[in-house]
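Engineer: If you want the building blocks of each chain, they are given just below.
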Amino acid sequence: MRYAMAVDTKKCVGCSDCVVACQTENNVPIGYCRDWIVEVTDGTYPQLELEHRSERCNHCENSPCVRCCPTGASHYSDGGTVMVTKNKCIGCGACIASCPYDARYTHPEGYVDKCTFCLHRVKKGQQPACVAVCPTKCMYFGDLDDPNSDVSRVIKKRKYKTLIPEAGTNPQLYFLI
Amino acid sequence: MREELIVSGRMNPHIDPQLQIWEWHIPAYLFLGGLAAGILFFASYFYIKGKSEEYPTAVKLAPIFTPILIGLGLLFLLLDLKHKLYFWRLYTAFKIESPMSWGAWTLMAIMPLSAIWAAFNIKSLFPKWDWKFDIVKDAIKVLEEYKTPIAWAIMILSVILGIYTGILLSAFNARPLWNTSILGPLFLVSGMSTGAAAIIILSKSKAERHTFAKIDLLLIAIELFLIIHMFMGFRASSQVQIDASAMFLGGQFTAPFWVLVVGMGLVIPAALEILEMRHKKIPYMVAPVLVLFGGLLFRFIMAYAGQMSRWLY
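These protein sequence lines are chains A and B, in that order. For the first sequence, the residue numbers in numbering that gives the first Met the number 0 are 0 to 176. For the second sequence, the residue numbers in numbering that gives the first Met the number 0 are 0 to 312.
Chain A on its own, in the form it takes in the complex:
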């Protein structure tokens, strides 16, 4: 099993619904967020290109955060997701410094927190909150090992990119271009 997510940059309008859905679903403390929108403007007027990306933890296959964690609090879980065990985390910040996507933060209670791919929902057969709520249906979630999953099918059909693959992280968040 290999959970992954694909985001269609041609469909995403940058409404931030995914951000709010995540904050609500996961009780994210006020002033924090686990996902965010990046807007890329390329070119000079009038030849402009616009790209919207809904970003979050890349659940990397070669995760620097798991490698750098001194206690094993950051670990690989079901479907290759990267998770943090609260009561093993000492809040040293090594994983935060090691993440090239800056996807982690320190929860006000002291432990490090991040996107979980809404594993609690996925285990019940639901979609992650951000995917479920997207008004343009620009996000696809599923198991890459299953050729019939939404994410496998869309990645087969479309061209895609990942963010800074040259950082050697093998990210599992695909951006359809």
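Where hints are given, some of them may not hold.
[As the list claims (entries may be wrong)] Partial list, derived from the structure: chain B residues whose beta carbon lies under 7 Å from chain A:
| no. | residue |
| --- | --- |
| 1 | 7 |
| 2 | 20 |
| 3 | 21 |
| 4 | 86 |
| 5 | 88 |
| 6 | 96 |
| 7 | 97 |
| 8 | 100 |
| 9 | 173 |
| 10 | 310 |
No lab work stands behind these hints: they were computed from the structure. Glycine included, each C-beta is placed from N, C-alpha and C at the ideal position.
Position chain B against the provided structure of chain A, taking the given hints into account.
Structural biologist: Just chain B, lined up with the frame of chain A:
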């Protein structure tokens, strides 16, 4: 033109607008750890060489301060933790790939050994020292029989401690400025240089000061070489490392780094040490104090600038 912006208002504390997860605690600890490692290395090395009488400050006096230095460093580390009550989790795991993990274990080993070494030599600082309890006296007597193996253990562990302070940072490929394998040796050499400086400050013998000034001079030369080598590597590397080095080559850290760290912390003390060796009248305290100051500032600048260097946005 290309502009990449986070437009959903992400403002995670200590992450945005730019990473600042580590404040003064970490660079201060890196300095104290490097300083203690340097002192302990010279103490154990010259003890093994049988030069305890020739270099009493290095072998006996200076290491008395190392348990305090390491203890203070550990206190800073604890203050830096955000989930403090779980700090003991460091010692329920050993992760070979995490420099922080084996650094924690190294500290666990070298801290008691440095205290034992201090106990051996406490009378050189306080001649009237009395342990009061016989059991302590007996324990020290037993341990003194193993003084040479203890010295060997301290020597090896001090090198690990010194180099780990640099590897800790260089293991983060997310921060291009830190992500160079030169950083380990550079921090080790810098730590040993600050250790030599501390010994010069504490020493009352001119011959001993002279030896350590020579050692310090060699270490400063290696440090300068490694710094130039590091920037050559950055300039010849990928775009993110070129950008990271630009902070020091024209960017905001240019003046503090080249004037204060390299100039005042390395070049001037080296020049003063050379002049002193040629028997010019120079107060011997100036050079080592500058070395200590330069070492401290070097770690602060590397810690702050490293967190500013990044891949995205």
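Engineer: Quick one, is the residue 100 of chain B hint okay against chain A at 7 Å, beta carbons?
Structural biologist: holds (4 Å)
Engineer: Against chain A, with CB atoms and a cut of 7 Å, does the hint on residue 20 of chain B hold up?
Structural biologist: holds (4 Å)
Engineer: Under 7 Å is the threshold here; is the Cβ of residue 88 of chain B close enough to any Cβ of chain A for the hint to stand?
Structural biologist: Interface hint status for residue 88 of chain B: holds (4 Å vs cutoff 7 Å).
Engineer: Is the hint on residue 86 of chain B kept, meaning its closest Cβ partner in chain A is under 7 Å away?
Structural biologist: The hint holds - residue 86 of chain B has a Cβ within 7 Å of chain A, the shortest such distance being about 5 Å.
Engineer: Is the shortest C-beta separation between residue 7 of chain B and chain A less than 7 Å?
Structural biologist: Nearest chain A Cβ about 4 Å off; hint holds.
Engineer: Given residue 96 of chain B as an interface hint, is the shortest Cβ-Cβ distance to chain A below 7 Å?
Structural biologist: Since the shortest Cβ distance to chain A is 5 Å, the answer is holds.
Engineer: Hold the hint about residue 310 of chain B up to the distance rule: shortest CB distance to chain A must be less than 7 Å.
Structural biologist: Holds, about 5 Å.
Engineer: So, as I understand it, the hint says residue 173 of chain B touches chain A; can you test that by seeing if any CB pair is closer than 7 Å?
Structural biologist: holds (4 Å)
Engineer: How about residue 21 of chain B: closest beta carbon in chain A under 7 Å, or not?
Structural biologist: holds (6 Å)
Engineer: Are residue 97 of chain B and chain A close enough, Cβ to Cβ, to be under 7 Å, as the hint says?
Structural biologist: holds (5 Å)
The structure shown violates none of the earlier numbered hints.
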